[in-house]
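Chains as they are written, first to last, in our numbering: chain A, 537 to 953; chain B, 537 to 953.
Possibly wrong hints are sitting among the right ones.
[Unchecked claim] DSSO-like, lysine-lysine: derived pairs with alpha carbons at most 27 Å apart: (1) B:K548 - B:K936; (2) A:K893 - B:K705; (3) B:K816 - A:K946; (4) B:K946 - A:K816; (5) B:K823 - B:K811; (6) B:K648 - A:K936; (7) A:K781 - B:K946; (8) B:K648 - A:K648; (9) A:K893 - B:K936; (10) B:K701 - B:K615; (11) A:K936 - B:K893; (12) A:K694 - A:K720; (13) B:K946 - A:K936; (14) A:K946 - B:K936; (15) A:K648 - B:K893; (16) A:K705 - B:K893; (17) B:K548 - A:K893.
[Claimed, not checked] Listed next, the stretches of chain B that the computed footprint assigns to chain A, with coverage defined by at least 3 CB atoms under 8 Å from CB atoms of chain A: (18) 882-895; (19) 907-917.
[Unchecked claim] Okay, the calculated beta carbon distance ranges per label pair: (20) A:G846 - B:P641: 30 to 40 Å; (21) A:E539 - B:L807: 41 to 51 Å; (22) A:G846 - B:D745: 35 to 45 Å; (23) A:G743 - B:E628: 34 to 44 Å; (24) A:G743 - B:N753: 22 to 32 Å; (25) B:E637 - A:D605: 34 to 44 Å; (26) B:R819 - A:N642: 22 to 32 Å; (27) A:G953 - B:S588: 27 to 37 Å; (28) B:R633 - A:A885: 18 to 28 Å; (29) A:K561 - B:P641: 23 to 33 Å; (30) A:Q623 - B:G687: 52 to 62 Å; (31) A:G743 - B:P562: 39 to 49 Å; (32) B:E804 - A:E733: 27 to 37 Å; (33) A:K561 - B:P562: 38 to 48 Å.
Hint data in this document are derived by calculation from the structure and do not stem from the laboratory.
Fair warning: this is a prediction, and the values are worked out from it, not measured in the lab.
Positions of the beta carbon are idealized from the N, C-alpha and C atoms, including for glycine.
There are 2 protein chains.
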Amino acid sequence: MSEYREVIDKAKSVKERSRSLGLIKPEDKNAALLSIACALEEQAPSILEANSIDMEGAKKSGMNLQLQDRLRLTEDRIKAMAEGVRQVAGLEDPVGRIMDEWTRPNGLLIRKVSVPMGVIAMIYEARPNVTVDAAVLALKAGSGIILRGSGSALETNKKLVRVMKGALKGTVIDPGCMELIEEKSHDAVNQLMGLTEYLDLIIPRGGADLIRNVVQNSRVPVLETGVGNCHVFVDETADPEMAGKIILNAKTQRPSVCNACESLLIHEDWLPNAKDILEKLIRAGVKIHSDQRIRELVPEADPATDDDWGREYLGLEISVKTVGSLDEAIEHINRYGTHHTECIVTEDAESAERFLKEVDAAAVNWNASTRFTDGFEFGFGAEIGISTQKMHARGPLGLKEITSYKYMVKGNGQVRG
Amino acid sequence: MSEYREVIDKAKSVKERSRSLGLIKPEDKNAALLSIACALEEQAPSILEANSIDMEGAKKSGMNLQLQDRLRLTEDRIKAMAEGVRQVAGLEDPVGRIMDEWTRPNGLLIRKVSVPMGVIAMIYEARPNVTVDAAVLALKAGSGIILRGSGSALETNKKLVRVMKGALKGTVIDPGCMELIEEKSHDAVNQLMGLTEYLDLIIPRGGADLIRNVVQNSRVPVLETGVGNCHVFVDETADPEMAGKIILNAKTQRPSVCNACESLLIHEDWLPNAKDILEKLIRAGVKIHSDQRIRELVPEADPATDDDWGREYLGLEISVKTVGSLDEAIEHINRYGTHHTECIVTEDAESAERFLKEVDAAAVNWNASTRFTDGFEFGFGAEIGISTQKMHARGPLGLKEITSYKYMVKGNGQVRG
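Can you build the whole structure from these sequences, using the hints too?
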């Protein structure tokens, strides 16, 4: 593996520069973040220029249109980015919260206080808005940030980071708390994942391959985000209208995201109600992969293979399976799900309670679309990703979720007997 | 690397068997744990017999006396283990707690509820009491447990696990939720660290080498425990009597543990008070490694090398350094500390506040011995280790700290617009 001086130097420098970030007063920190928002808007023309270089490269290299769309910036998108920064600046400060406090019989006062993680590295793909989102969220949470986006977005990211660093000059936040890794080689990512001395946390954000690579190879602790094979289970007592609305929303409102529904389980006793929603899905352009009983209702459906139960389509496709019972649904979901978001539609409170307890996922929904698993929809005001692991934080990752804590212990000379 | 069927089979089986552990009623779970306590006492003779085989092996192999003492079981130690189990059974159930709850403007009720981690693997050294502690804490927290102790304790551990599994027969806890890895080869540990499919968490407990190996090589998320290069900083305004009491306690009350003091920093303006406590340390058998100014006070002290500042002696040795200011003390600790427990002795509240905020450690103590960083002393009622990492949980790891959470979302047909 090649080693890059750039990677070590930047990680080390961010570690040092960001040490005192947690001590900055909230109002000063927010003022610094607001100056990032202004700078993004003011320098929109030069950001668009840098972006056009990346877009040209993307077209030349034959990047697919969906990815091109993610890479593309517009005046409106830059405005939205700046607006996002202002929202983050306005959120409650996640550092220095007293999370718990108690006094021991010997008089020791123990206080659990939130503190920054330290240095967070974000490894992501072509969306340049992640560059700004991640940097601002990390800084607000008192952490330094190392950014490593896709090579295809390098010119845009370089410009965005230059603009943000420029905006921080003269504020309480040292611009050196933020660095972009410019080295395009994949070895730069491998190297980052070994820098336990300088990095406290790595958050991968992107496709399944990127996430798997980081989770499997990082020595730095990881917050695993994003892969969502989310199910909607329609129980025998489900209200047909409600079920239809939830399924259509969960599948088609934004099919490319991780909290979209990828698999539909239908209780066999509910099958008589199923034809209508299945046809609605087909009319909405959704390709159905299903078992035999579903295909009897909608002959347009393809036969599902075992692969389909585990697929995250991220598009207008869905697997549909008939199940004989709540137990079968729970078992199927715990086997094929990715611990992201799972939904039951039912009028039966007892079935709902069992589903919510027994299904192993970050979010378990009763009569609500899977699409709600999101930092904004949860009311966190921001989101750096959605965790599908059990350690540290599960589900939407807002500001609180990217902090740590320490115990402050106050005594008057206590010793242990 | 050799692969062992035993390791995969046991990990897979514990994953399956422990799935519904989180659903057991607390009173039934506690009854099952109490039957473990009884069985340990009833079967003490056969446990002691197994232990004597390990002890014989230890003597033959020339194991040092301190390690032999850790390995040795006695009737009293078995009683203490059983008592520990009873205490854990009596603790508040950590699963199913509503940690937070709120309603969104659209009517969604979001509830954050504690849930089991899943399967926890414990990798540890020669102390057989860890076998029982870890198993009972994991089960109480609703998780399956894979135990991998030292080869030198294998007969004892086999017996302890057999006794515990026997006690669980006929209770609500499936004895298959607990397995001991018997393969002695180190490759068995390497294999465990790759089983992301079956293990949710690995906790290493033991010496620095063991912990480093797990932290650096595990793909399964790790809770790093234990290495403690803990400092006491005596500020210029420290009360001499209090400082003396705290230093003596932190260094000598139990020098072999991770929260013992390993390094003493003395403000230069306090040096006139220092001779007394330094001589007390020497009289208590403590070897001092120090800078020149300290050696002028106690000529018995050895010169400290740069290595000494980073050493965890785990015995009757201490490094002592003069510092010119609070800033120098904080900087030194943040450079050489292991983020475990750091103490300031001072009468100056402002210095104390700065120290508590700026020192990066799981516990920061003002006028209290470092020895208090402990699950029992914190009032958690139990402890599976002390975390020195920032992710997930920091400091003493009680029952709550080895659980995860999920969001239960209740709606009445909400979809996302």
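Hints, one by one, checked against the model:
1. B:K548 - B:K936: This hinted pair holds, its Cα atoms lying about 25 Å apart.
2. A:K893 - B:K705: 25 Å, holds
3. B:K816 - A:K946: 25 Å, holds
4. B:K946 - A:K816: The given pair, whose Cα atoms are some 25 Å apart, holds under the 27 Å limit.
5. B:K823 - B:K811: 15 Å, holds
6. B:K648 - A:K936: 14 Å, holds
7. A:K781 - B:K946: The given pair, whose Cα atoms are some 16 Å apart, holds under the 27 Å limit.
8. B:K648 - A:K648: 19 Å, holds
9. A:K893 - B:K936: Holds - the C-alpha atoms of B:K936 and A:K893 are around 18 Å apart, at most 27 Å.
10. B:K701 - B:K615: With a Cα-Cα distance of about 18 Å, the restraint between B:K701 and B:K615 holds, given a limit of 27 Å.
11. A:K936 - B:K893: It holds: about 18 Å lies between the C-alpha atoms, which stays within 27 Å.
12. A:K694 - A:K720: 12 Å, holds
13. B:K946 - A:K936: 23 Å, holds
14. A:K946 - B:K936: 23 Å, holds
15. A:K648 - B:K893: With a Cα-Cα distance of about 12 Å, the restraint between A:K648 and B:K893 holds, given a limit of 27 Å.
16. A:K705 - B:K893: 25 Å, holds
17. B:K548 - A:K893: Distance of about 22 Å is within 27 Å: holds.
18. 882-895: Satisfied; 4 residues make the cut.
19. 907-917: Satisfied; 6 residues make the cut.
20. A:G846 - B:P641: 30 to 40 Å: Between A:G846 and B:P641, where Cβ atoms are some 36 Å apart, the hint holds.
21. A:E539 - B:L807: 41 to 51 Å: 45 Å, holds
22. A:G846 - B:D745: 35 to 45 Å: 39 Å, holds
23. A:G743 - B:E628: 34 to 44 Å: 42 Å, holds
24. A:G743 - B:N753: 22 to 32 Å: 26 Å, holds
25. B:E637 - A:D605: 34 to 44 Å: 39 Å, holds
26. B:R819 - A:N642: 22 to 32 Å: 27 Å, holds
27. A:G953 - B:S588: 27 to 37 Å: Once the Cβ atoms are compared, 33 Å apart, the range 27 to 37 Å for B:S588 and A:G953 holds.
28. B:R633 - A:A885: 18 to 28 Å: 21 Å, holds
29. A:K561 - B:P641: 23 to 33 Å: 31 Å, holds
30. A:Q623 - B:G687: 52 to 62 Å: 56 Å, holds
31. A:G743 - B:P562: 39 to 49 Å: Once the Cβ atoms are compared, 42 Å apart, the range 39 to 49 Å for B:P562 and A:G743 holds.
32. B:E804 - A:E733: 27 to 37 Å: Since B:E804 and A:E733 have Cβ atoms about 31 Å apart, the given range 27 to 37 Å holds.
33. A:K561 - B:P562: 38 to 48 Å: 44 Å, holds
Taken one by one, the earlier hints all hold for this structure without exception.
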